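Protein chains: 4
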Amino acid sequence: MDDDVRGQEQQQEQKGGMVETDRRTLLRTAGLAGAAGAAFAGAMHGKFSLAPVTAAQAQTATSMPKGVDKAWWPSKWGKDDEAGASNHITPAKVLDAAKWIKDGKIYKIGRVYEQGMPLFGARAFSLRIPGGPTGGPFGDNKLVYHDEFLATEIGQTGTQFDGLGHIGIQMGKDGDKSEMRFYNGFTSQEISDAYGLKKLGTEKLKPLFTRAHLIDMVGLKGGMMDAGQEITSADIKAALQKQNIAESDVKPGDAIMFHTGWGSLWMKNNDRYNSGEPGIGLDAAKWVIEKDLALTAADTWAVEVVPNPDKSLAFAVHSELQTKHGILNHENLIFDELIADRKYQFVYCFTPAPIKGATGSNGCPIAIT
Amino acid sequence: MDDDVRGQEQQQEQKGGMVETDRRTLLRTAGLAGAAGAAFAGAMHGKFSLAPVTAAQAQTATSMPKGVDKAWWPSKWGKDDEAGASNHITPAKVLDAAKWIKDGKIYKIGRVYEQGMPLFGARAFSLRIPGGPTGGPFGDNKLVYHDEFLATEIGQTGTQFDGLGHIGIQMGKDGDKSEMRFYNGFTSQEISDAYGLKKLGTEKLKPLFTRAHLIDMVGLKGGMMDAGQEITSADIKAALQKQNIAESDVKPGDAIMFHTGWGSLWMKNNDRYNSGEPGIGLDAAKWVIEKDLALTAADTWAVEVVPNPDKSLAFAVHSELQTKHGILNHENLIFDELIADRKYQFVYCFTPAPIKGATGSNGCPIAIT
Amino acid sequence: MDDDVRGQEQQQEQKGGMVETDRRTLLRTAGLAGAAGAAFAGAMHGKFSLAPVTAAQAQTATSMPKGVDKAWWPSKWGKDDEAGASNHITPAKVLDAAKWIKDGKIYKIGRVYEQGMPLFGARAFSLRIPGGPTGGPFGDNKLVYHDEFLATEIGQTGTQFDGLGHIGIQMGKDGDKSEMRFYNGFTSQEISDAYGLKKLGTEKLKPLFTRAHLIDMVGLKGGMMDAGQEITSADIKAALQKQNIAESDVKPGDAIMFHTGWGSLWMKNNDRYNSGEPGIGLDAAKWVIEKDLALTAADTWAVEVVPNPDKSLAFAVHSELQTKHGILNHENLIFDELIADRKYQFVYCFTPAPIKGATGSNGCPIAIT
Amino acid sequence: MDDDVRGQEQQQEQKGGMVETDRRTLLRTAGLAGAAGAAFAGAMHGKFSLAPVTAAQAQTATSMPKGVDKAWWPSKWGKDDEAGASNHITPAKVLDAAKWIKDGKIYKIGRVYEQGMPLFGARAFSLRIPGGPTGGPFGDNKLVYHDEFLATEIGQTGTQFDGLGHIGIQMGKDGDKSEMRFYNGFTSQEISDAYGLKKLGTEKLKPLFTRAHLIDMVGLKGGMMDAGQEITSADIKAALQKQNIAESDVKPGDAIMFHTGWGSLWMKNNDRYNSGEPGIGLDAAKWVIEKDLALTAADTWAVEVVPNPDKSLAFAVHSELQTKHGILNHENLIFDELIADRKYQFVYCFTPAPIKGATGSNGCPIAIT
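Protein chains in written order, with full-length UniProt numbering: chain A, 1 to 369; chain B, 1 to 369; chain C, 1 to 369; chain D, 1 to 369.
Derived from the structure by calculation, the hints contain no laboratory data. Note that the structure is predicted; figures quoted are calculated from it, not measured. Keep in mind that a hint or two might mislead.
As the list makes no split between identical chains, a pair holds if one copy fits it or if it spans any two.
[Unchecked claim] Capping the alpha-carbon separation at 27 Å, the derived lysine-lysine pairs in DSS-like fashion look like this:
| # | residue 1 | residue 2 |
| --- | --- | --- |
| 1 | K221 | K99 |
| 2 | K199 | K173 |
| 3 | K343 | K102 |
| 4 | K311 | K102 |
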């Protein structure tokens, strides 16, 4: 790696005073060097700072992005649909899911939002309590109160739910917003706006209340999976069998969740946590699509394997599931209590915060048994 | 009103370029003038800018705040408890509530968060999409993505859930943080911190999944209620009867919600919306406490009547329910669809976003029938 | 104007609870209606919400933007230059300017930044004091301290200095970032980045310490100028003569400033202040360019006339001076004391806050006599 | 150090994902352990996270803070004064300073504000460019534009100017805001407000344009000074002599600046940079007060020595100069070019951004020779 690249890396590492991601190691792993690495170093931000990129990125404007062989729109829910797989959640689905409420036990499967949690690239999470207290005393009853002021990538920090305006694919020439396509074919030119997406905001999604199946990969593999280790459809089938769940019990509109053990690094070793992750690849994504599921989730920051075994791909599962199929995604969950209680099937209940034009949502998903 | 006060009012109206609250009218209504009004004008911020305050505010340091005759701590859930009435949500309670899931229908009862919604005082809601897109294209698959950056009083704008660190009472001398008391007697000195409350943050609350009873005051009164109009326990009983709900069916740990019609002003007439509101007073609060409920909610910004008929009180129901009894509160809800469907009883499901040290929570509560 | 447009306008007026800009009046003035008005209504944000736009906006992608007949790059300061007209400030220039320090008097010509100041569109200004105090007491010396947390469009609210990354021209097809050109021909594709402009940030500018000439248009016209009233080069010459300044005394690298009286509306009538403004048009811009000046400034929010007498143009002076010629611009200044003291020539001293990748700068410019 | 303290430290280190300050080392250096250290660990935030604190902190409420033997108010500029030592900048002072403009050369002595710069504790600096571009194209001239959105402790990150509302002393009982005293005796109860200080905001300060003397401690000591190394009045005198400046040439209202070399760690080794610093102690502060100077400044984050050789003191020079004497302070400056040019005397020119109620100011101070 030349000095210029190293210089940029050093700057990156310090960006926002963030915990350093061991990008050097990752880039080495990904076999990136020279010109490609340099171009990459300058463009890194956010979650995608880890995207493995090759020299092929400089491809001609006319070639199709890898993995795209035809238009993925209109959506099966209609050309104007903005709710994607949340459309699965019909009254029938809710009633079917509610049958799983047997214990009356509710598990919080979202993490606490706090300073010190791993954040990617330049994302920030800054909470301040204005005043001490914020106001008062007022009235003869001497009321005082506190507010809180938060500045953050609200839908993309901590436990984060990916909406349908988050991930797209640049179809035409780089920088041509009229050919950056999102779910249902909406273009960046149509939807992006400095003050909130004009379409596909989280406020368009329906409440999620569905059957969820938790795949215990730690149980299957005998320990925490490692970064870059892919969960395949065969793994899913093996885990289901081990957990005594018939594959046929995974029905359209259900959610599939993965316990990889990676979450044990949370706030313990943020550098490693951010450096990559185990997760599903395109093979498992195909299974998810065939099963017609509503949502994927995991105890990792991207649900999918990073880096992808195909070094030319950057978060290809995201675009496969979310952009092309409108399937939702929930990241940075925590399943420890469910695993301890050997609860692999439950009601997943989460309603994205209806922030107009937001790309994702904060909040606390719950599992009900 | 003298010129000095008027000058301060004018400034206040412009604060943050906010929609003007018709404070002048309110203050006149409240019979405030001269010195008391002037003192008040300088201190107004946030929701409490509407607090009716009298000259009695300048009471001596040693007198007890109105409405406080004894210490309200320790809490019935123990001296260290930080979860308050969310402790009601036990497995038994969840199973009992789940019986009400009959239609499989889910209603969003939270509003969309957006610029233009009514905000109080100097609170702000600023959403920005960094970049267009935020990042990419990355990889041969040419992935692009959007994030969103939000700067706001996250728990105190739009549909807002009041946590237990929000409201307290100044017991001793004004400004003595060691005598500003919150739920379970915690003091501001103990809990307040510039970067998030040290105790009573929303992350300490349990998920709420309980039976909710919706009181249709519009149906009872024949139209939208007006600002300053109090909902009494007699009103509640009358409405329950009209809606064919036995009062005895309102059980400990349930939620009570009020449809006043005031929400019809939302983003239609923000000035009037903010100028006051109909809601429960201390009499209804007493009923709520006796019924041992978990939560109050309404289609208004404070749930309680503003201004209070007793002009010396500022948001006295907040401190009565939240501070003294740990009963939670959800504001700016919307019940139009439930009312249209004549659904007065349902499962209220909401888990506060576990933002460490936050005073409240954003998010979308749902009603399940 | 049809209902759909009106609906959008109403929403816009409420955006961020901002003080309403009387856009309806402006749009009527501008003769905008039907399709063009509707398209415009959806796209409005920020300062440019007032941009008069015609149906011609839907022109074909291949036509050149109005006013552009040839590439304006490379800059006369070299193809890599990012400092523009701040390059005028050489030691010789500083020494020449310093000769004007005769009284030793310093005038603040920037306004106080505060909530309630006029902001455009959805821009925000939110200041919070974390904690009360933010920290302490610490040590046996019992130190306490306050910080402040500010969330704002730092370079584009209040007294604002426009850097060279602020204004560009879409040359090719709408949405093609590789043909959005800024000063010195840099494209949006090259410079824009979600976390700060990669080029032309304010940190690239040199400190400004130069001779400034204040044009008292109120004195010339006998009163406050009105919105849409254009200051021409003839006006400038007439004012200079009236103020006993030889036109030849306006030298390359100097600053020209305009007192229009419009600033008297600041926080007095924000609606009118934002509804348009008097200012220079393309004729005066030509004079500024011929004079080879470093900076324009005024007691208005855009320095240039709004709406432009040519209704097809949107802030054409901005792109003429800033984008094409690298001439800097300072908005929302206040000249009342200088005018009262009849001080029309002084040293203008301002160094943009070197915020990496920022489009403009906050801060307090001063006039030294 | 016990486990509990270590646990808290670990959490602190991760706060905001900030670059870790080597507090452990510092605390060891400071000889802090057991109860005092534990109390301290829980309270640390901001710049003052490094404050050396002893068990004496738990002193009784009635004892006077160390270093305070009498009230320091009213100020010599009058009991209502809020401008402090900026009052020194009279026309005579400006004319006197202007005599030093001989070369016409301007040096930027402020640093670039950027992600990756060292920040203390939980302070944040988050810049976002809304949209790409933020707006447009508008008009037939096809104007596009960028804004920037910044969320930060605006006056307390990067090159930072301390205003008079920043530092105070808790006089009475801990948490009693009516006895937290600031410059001129103003109390926290009087001045603090969730939305901006009610008094002593930076908007009250006068523009600074004065003679500055740069003390080259690196030249005097033969290399970069170390953390905890104190600059004494004897050092100042020795450096002045070495630099051929008569001590008598340091006049009332002048500024004194210190080049310690510590700035060479900026963004090179943020951990060490934040871990402490060389700087002036109480002895030099006494000299500054006797000389009746307007401002101190340095290439460090606090100007004063950290940790203080007297381990019981936390930032005692701050309260001595700022709180008691209204002397201003400018931190994180850069003098490399001045040193290279051997320019030790120059005009220091800086006007704090007049942000209403702010505790400090961002911006770029300049040195003019």
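So, going through the hints one by one against the coordinates:
In the homo-oligomer, the alpha carbons of K221 and K99 never lie at most 27 Å apart, since the shortest distance is 31 Å inside one protomer and 39 Å across protomers. Taking identical chains as interchangeable, the C-alpha atoms of K199 and K173 lie at most 27 Å apart whether they share a chain (22 Å) or sit on different chains (22 Å). Taking the shortest Cα distances, K343 and K102 sit within 27 Å of each other both inside one copy (12 Å) and across copies (25 Å). Neither within a single protomer nor between protomers do K311 and K102 lie at most 27 Å apart by alpha-carbon distance, with minima of 45 Å and 50 Å respectively.
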